[in-house]
Amino acid sequence: MNDKKLVIFSDTFKPITIFLMMIVLMFILFGFFEYDKGYLSTRNIRMLFTHMSISAIAALGLTYVVAVGHFDMSFYLVGCLAAMTTSYFNKTDLMMNSFMLGNIHAFVIPAVLAGIAVGCLWGLVSGVAVGIFKLDDMVTTIGTGFMAFGMAYFYTKGSFIYDNFLTSGITEINDAKWFAIPFPIILMAALYFISYLFLSRSKHGRCFYATGSNKVAAIFSGVKVKHYIIIAFVVCSGFTSLAAIMTTAAQGVGSVKASLNFLMPAYAAVYIGIAVFKKPTVIGTFFGALFSAIMLNGFTLMALPFYLSDLIIAAAMIIAIMASKIDWASIKKKKSNTAPAIHAN
Amino acid sequence: METTKLRMQGIQKEFAGVKALDGVNFELQPGEVHALLGINGAGKSTLIKILSGVYQKDAGSIQLDGKSIEINSTQDAINNGIATVYQDPQMIPSFTGYENIYLGAETEKKGLFPRINKRNLREKAEALLERFPVNIDLDRTVSELSAVEKEIIAVLRALSKEMTILILDEPTSILTETETEVLFRLIHVLKERKVAIIYITHRLEEIFQIADRLTILREGKNVATLSTNDDETNNHLAVAELMLGKKLDKIYPEKSTSIGDEKLSVDNFSLAGSFNNVAFKVHGGEILGIFGLVGSGVEELGKTLFSVIPKTSGTVRMNGAELSLSSANEAISNGIFLVPGDRRDEGQINDEPIYFNVSLSNLKRVSRATGLIDHKREKHCVQELVDQVQLAARDINQEVSLLSGGNQQKVVISKGLFTESQVYIFAEPTVGVDVGAKTGIYHLIRNLAEQGKAIIIISSDCEEVFGMCDQAMVLYKGHVTLQKSVHECRLEEMLLCGVTGGKTSE
Amino acid sequence: MNDNANEIESGFQISNLFQAKYGLIWVAFIMIGVFAIASPTFRTPGNLLEILRQSGLLAIMVIGLTWIAATGEIDVSYGDIAAFTGIMTAVFLKAGLPWPLTFLFAICLGSIFGLFSGILVVYFNFPSLIATLAVGSGLAKSIARWVSGGAVVHISNPPGVVYQIVYGTFYGIPILFLITLAIYLICRELQDKTTTGQHLYALGENRQATQEAGISERKILLSLYVLSALLASIAGVLLTAMVASGNPNIGGSYFLDGLTVVFLGAMIIKAGQPNVIGTLIGVIILAILSNGLTLMGEYFFVGNIVKGILLVFGVIVVTLARKRRQVDGRFVVA
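Residue numbers (numbering that gives the first Met the number 0), protein chains in the order written: chain D, 0 to 344; chain H, 0 to 505; chain L, 0 to 333.
Calculated from the structure, these hints are not laboratory results. Keep in mind that this is a model prediction, so the values were computed, not measured. Glycine included, each C-beta is placed from N, C-alpha and C at the ideal position. Do not rely on the hints blindly, as some may be mistaken.
List of simulated lysine-lysine pairs, DSBU-like, C-alpha gap at most 35 Å [to be verified]:
1) D:K13 with H:K476
2) H:K378 with D:K277
3) H:K108 with L:K93
4) D:K278 with L:K93
5) D:K214 with H:K66
6) H:K220 with H:K280
7) D:K324 with D:K214
8) D:K214 with L:K269
9) H:K123 with D:K278
10) H:K123 with L:K93
11) H:K375 with L:K269
12) H:K109 with L:K93
13) D:K225 with H:K375
14) L:K218 with H:K109
15) H:K109 with L:K269
16) H:K123 with L:K192
17) H:K123 with D:K223
18) L:K93 with D:K256
19) H:K375 with D:K223
20) H:K476 with D:K278
21) H:K363 with D:K277
22) H:K123 with H:K66
23) L:K93 with D:K214
24) L:K192 with H:K108
25) L:K93 with H:K117
26) L:K192 with D:K278
27) D:K225 with H:K476
28) D:K176 with D:K214
29) D:K133 with H:K363
30) D:K133 with L:K93
31) H:K375 with D:K13
32) H:K117 with L:K269
33) H:K378 with D:K278
34) D:K324 with H:K193
Derived CB-CB ranges, DEER-like [claimed, not checked]:
35) D:K133 with H:E487: 30 to 38 Å
36) D:M20 with L:G251: 34 to 42 Å
37) D:K277 with H:Q89: 25 to 33 Å
Based on the sequences and whatever the hints tell you, model everything.
Shown next, in the form of C-alpha cells:
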C-alpha cells in the first residue's frame, strides 16, 4: 500500500516540483536584478497576482475546452461583447436609481450578470456547432467569435463607455479588498478552487477528460460526450466574459477591445501547463499563468515595452512544449548516438 | 516443373512472449492461387505481414525465385514484387480511379513540384485495365464506386507496380455474390499471367472455386497443405476439422446447469443494410453465442443492442418491460453493457490509468452526494474488481496503454463489471488475447453467468461460440442461418452456416 | 454509369455553369447587381477596378493557407508575417537599401517564420493552431513592434517601377491585379498538375492511405508552411509599397478575411475542399462586399458579422462534403 501512495505522490507532485523550481528561479533572478526597484515588496507581489488574475481566469475557461479535446478561438472576442454589454447596462441603470449595497449600486449586479449571460450564450452557440453538428472547432469558433466582436460594436458604434463608471461602484470589482487581499485575487482563487474540484476531483471531470482522450470509448462507457463539449464551450466563454468585465472595471471604461489581448496568454498558460503535466489540468494552467505573470511582471519592471509581452509568453510556450517533446531518457541512453531524440509521432 | 516462386521456411515470430508463428513453412508456385486458412489467431495475418514487410520475422528464411531475400520494410516487399491488398483498402475518396491507382507513383521526376501528366496516367491505367476482363469507369471518383470496384482499383494499384506475388487479405468480406464473381474473373486472368496469389479468407466455399492449393495454420504451426483437386480434400467438413483441430481443449468452462428467468428478449430486430429480423431470448445464467464472419452484421448487432447505433426497427424487452434506448448512457442505466470488440478505439481511454477506465462506466457508484469522487471507495472497488479478474498490472495507477492485450481486455471487462449490469454483451472477447489469458476471460464470463446475469457473446471465432455458449445463433450476410441449443448442434454445422450460409457442397 | 462518362468527355458545357459548385460565382454577380442598383458610386468603373486592385494583397497572402487548410491543418500566422515583412521593408528602405535588396531580405526573413512553424508542426508535433499562433501573433507581430518601436513607420513613395506595380494600370486594369492573377494561374498549375498539389489533397482526405502510398507527409507540410510565409511576405512588401508605410498591427485585419475567403472558396470548383481558384473568387466576393457595405454607409463591424456568418456557412458546406465523401456503408459512432 505504501508503494501505491508513493506513485500517486510522484505523479502529481513531480510536475508541481518542476513548476516550483521554475518559479523560485524566476524570483531569484528578478529579485537579484531588481531588488532596488522593490521587486520583492508586498506591493509588487500583490500587483503581480492582481494582474495575473484576469488572464488566469480566461486561461482557466480555456482549460475546459482543451480538456474535451477541442480548440476555442472565440473566447477573447466573446469577452469583448460581454464587457460592452455590462458597460451598456451599467450606463443605462435598469433599476432606475436603485438602492446601494455597500458602495455598489444594485444595478451593477444585473449588468455584470447580463454580460456573463451573453458570453455564455455565445459559448452555447459554438458548443452546439462543434459538439452536435461536428463542425471544425477552430474555424467555426473564429466565425462565431468575430460575429460576437461585431456585435460588441453595436452598443456605441465602437466608442468608449465612461458613463456611471465612477459612481456606480462597478470599479469595486477591481478595487475592493477583503483582509487586504484584492477582490480579483479572491475571485481567481475561488474559481480555481471550484474548477479544481470539478475537473480533477468530481465525476464530471472524469467525463471531460475521457471525452478529450477518446470520444468513441467515452460514448461506449456511457459518457454524454455532446453535453460535456457544450458545457466546456459555455464555461470557457463565461469565464472569459468575467475576466473581460474585470478588465473593464480595472480600466474604468467600457471598451470594445477589452479582452482582445487575452488570446496568447490564455493559450500559453494552458499549454505550458500541458507541457509539464502532460494533460490540461487546473493546477497546470494555474502554474502556467503564474509563470507567465512572473515573467511579465519582472520584465515590466525592467522597463521592457508592453508590446513585447506576447513575444516573451509565446517564446516561453514554444520552449516549454519543445522541451516536453524531447525524450530525455533516450538522450541519456544514447549519448554517443547522433540519432534525433525527438518523438516524431 | 517450374521453379518455386516463393519459399518461406521455419518462420518464427513472437509478440510479448506469445508465439504467433512457430516454424511455419509456406510455398508458392508461379500462377498458383494458394489459400491460407486458419481460425482467428492461427497466424495467417502475421505470416502475410512478415511477407509484406509490416512485421520483421524473428527467425526463418525467405527465398524468392531460389534466391534468399530479406524484407525489412514495406518498400522492400514492393521492390521484390510482392504486393498486398488489405481487407479494407485505403483510398482517397474524391480522387478518380486512375489517380488512386498511381497515388504516390505519379511520376519518376524528382523535385518539389514535379508535373503529373494526367492524360498519360489515365492511358496507362486504361492499358492496365484492358488486360483484364473487368470494366470500370476510371474517371469516376472512388467515393462513387461500389465495394468490388474499389477492391479492383486496389488490385490494379498493386499490379501497376512490377509485381509477381499478390496477397489478397479477405477480399470478399464485404462483397456480394455477383461482385465476388467479378473479382474471381480478375484472379483467373492474373493466374494466366503467372502471377502467384496468396488468398486469405474465412469463406470455405470460395476456396474450392478459386484456389489450387490450400495451407492450413493452427496456433502458429502448419497443419496441412492440400491440393483442392484432390477428392478427399474437396470436403468442407474435413477442412473445417483441420482448421479447428479435432479436440476441444479444456480451455472452456463447464456449461450452465441452472437457467433462471428470462432477462432480455429481442424481436424483429433490424438495422438497414446490416442485419434483418433478428429475434432471441436470453435468460439469467445463460450464455447466448452469436457467430458470424466480418461483414455478416454481428458487429453491428452488438452495437445496436447497446444503442450506440440506432436500430431501424424491432423491440427490446428487459424483464418483460419494453425498453426504448437512444444512447449507450441509457443502455447502461437500464442494465445493459457492451464490452466492445475494438478495444483500442472503443474500449479504453489509452493514456489514462486503470482506475480511471474502470470507474468511468459508473461514476455515480464512487462519488459522494456532492458529485466529488470518493477516492478511497474508488480505489477499494476497483482493486476488488482487478483482483477478481486477476489483472496482471503493477497497480491500478498504471496507464492502460502499457498493458498486454489480455490485460487490457480484463480492464474493459472490469469496467463492465463495475456497472453491475443485468445483461452483458461481449464482442470478440478474445481478439488479440493469448491462449493463457483466454481461459481466464472465459471463466470470468461463465462466473458472471453463474451470478445470474444474462450473457451474449458475439464472435467471428466459431470455436469460441461453440465452447462457451448454451444457445447458439449464426448470422450469414445479415440473416439468421442457425439458431438452437449448442447441445443439439455440431461445431462443423455452425461453421458451415457461418461461412456458407448453410449450403453444403456435398 | 455511361452518362457520367459522357459528361466528362464532352468537356465544357454552358449548363455546367449552373451547377452547385459554381453557385458562388452567381452570388458574386447578384451582389454586384444589388450594390450597383443601391449605390451610384459602386457602379463607377473606377470603383470596380479599385475592388480588383485591393483584393490583390489578400489574395496573395492566403494561397498558403488555402493549401494548408486543404491538408486539414491550419495557419493563422499569414497576416502577422505580412505585417512583419511590411515593417522590415520600411526599415530597410529608411536605412538606405535599394528596393530589390530590400525586397529580397524582407521576404527571406519572413519565410524563416514559416520554416519555424513548419518545424514545430512536423518535428515537434505541435497542434498547427498553437504553432502558428505562437509564431504569428507571438513572435512575428511582437518582433515587428519591437523593430518599429510599436509605431507606424512611414517611408517616401516608392520609385517608378514599384509604384507602377501597386498603382499602375494596363489598359485600365490594375497591374497589381494582373500580377495576382498570374500568381494564381501558376499556383493553379501547381495544384492541379503536380504531384505535390495532388498529394496535399490526398493528405487532407486520408492520411493513412497517403502514408501507405509512400508519400512524405513531412515534406509536404514543411514546404507548405514555408510557401505560405513566402507568399505572405510578398504581400507584406507590396502592402508597404502601396500605403508608403509599415504598420506592425495590420496583421489582425487580414486574419478573419483570410479564413473567410478560403472557406468560402472551398464551396466552389472542388466541392468542399479549399482550392486556389475558389479562394480567388472568395477574395473578390469579399472585396465587393466590404466595398459595397462601406459605400452604403454601413459600419465596418457589420462587415465582421457578415464575414463571420459566411465563414461558418463555409465550414458547414465543407463539413457536409467531407461527411458525404466518407460515408462508406459503414456505421460511424460519434
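Status of the hints after comparison with the structure:
1. D:K13 with H:K476: At roughly 55 Å apart (the allowed maximum being 35 Å), K476 of chain H and K13 of chain D break the hint.
2. H:K378 with D:K277: Given pair K378 of chain H, K277 of chain D holds - Cα atoms ~23 Å apart, limit 35 Å.
3. H:K108 with L:K93: violated (45 Å)
4. D:K278 with L:K93: violated (48 Å)
5. D:K214 with H:K66: Distance ~49 Å between K214 of chain D and K66 of chain H Cα, so the pair is violated.
6. H:K220 with H:K280: violated (39 Å)
7. D:K324 with D:K214: Distance ~24 Å between K324 of chain D and K214 of chain D Cα, so the pair holds.
8. D:K214 with L:K269: holds (30 Å)
9. H:K123 with D:K278: violated (50 Å)
10. H:K123 with L:K93: violated (58 Å)
11. H:K375 with L:K269: violated (57 Å)
12. H:K109 with L:K93: violated (42 Å)
13. D:K225 with H:K375: Status holds; Cα separation ~30 Å.
14. L:K218 with H:K109: holds (13 Å)
15. H:K109 with L:K269: holds (27 Å)
16. H:K123 with L:K192: The hint holds at about 17 Å.
17. H:K123 with D:K223: violated (51 Å)
18. L:K93 with D:K256: holds (32 Å)
19. H:K375 with D:K223: holds (25 Å)
20. H:K476 with D:K278: violated (44 Å)
21. H:K363 with D:K277: holds (27 Å)
22. H:K123 with H:K66: holds (31 Å)
23. L:K93 with D:K214: violated (55 Å)
24. L:K192 with H:K108: Judged against 35 Å, a Cα distance of about 13 Å means the pair holds.
25. L:K93 with H:K117: Between K93 of chain L and K117 of chain H the Cα gap is close to 50 Å, so the pair fails against 35 Å, i.e. violated.
26. L:K192 with D:K278: violated (43 Å)
27. D:K225 with H:K476: holds (33 Å)
28. D:K176 with D:K214: violated (44 Å)
29. D:K133 with H:K363: Answer holds: K133 of chain D to K363 of chain H is near 28 Å, not above 35 Å.
30. D:K133 with L:K93: It is violated: about 50 Å lies between the C-alpha atoms, which goes past 35 Å.
31. H:K375 with D:K13: holds (22 Å)
32. H:K117 with L:K269: holds (17 Å)
33. H:K378 with D:K278: Answer holds: K378 of chain H to K278 of chain D is near 22 Å, not above 35 Å.
34. D:K324 with H:K193: Given pair K324 of chain D, K193 of chain H is violated - Cα atoms ~50 Å apart, limit 35 Å.
35. D:K133 with H:E487: 30 to 38 Å: Given a distance of about 48 Å, which is not inside 30 to 38 Å, the answer is violated.
36. D:M20 with L:G251: 34 to 42 Å: The hinted range 34 to 42 Å holds for M20 of chain D and G251 of chain L, with Cβ atoms some 37 Å apart.
37. D:K277 with H:Q89: 25 to 33 Å: holds (31 Å)
Violated hints, in rising order: 1, 3, 4, 5, 6, 9, 10, 11, 12, 17, 20, 23, 25, 26, 28, 30, 34 and 35; the structure is consistent with all others.
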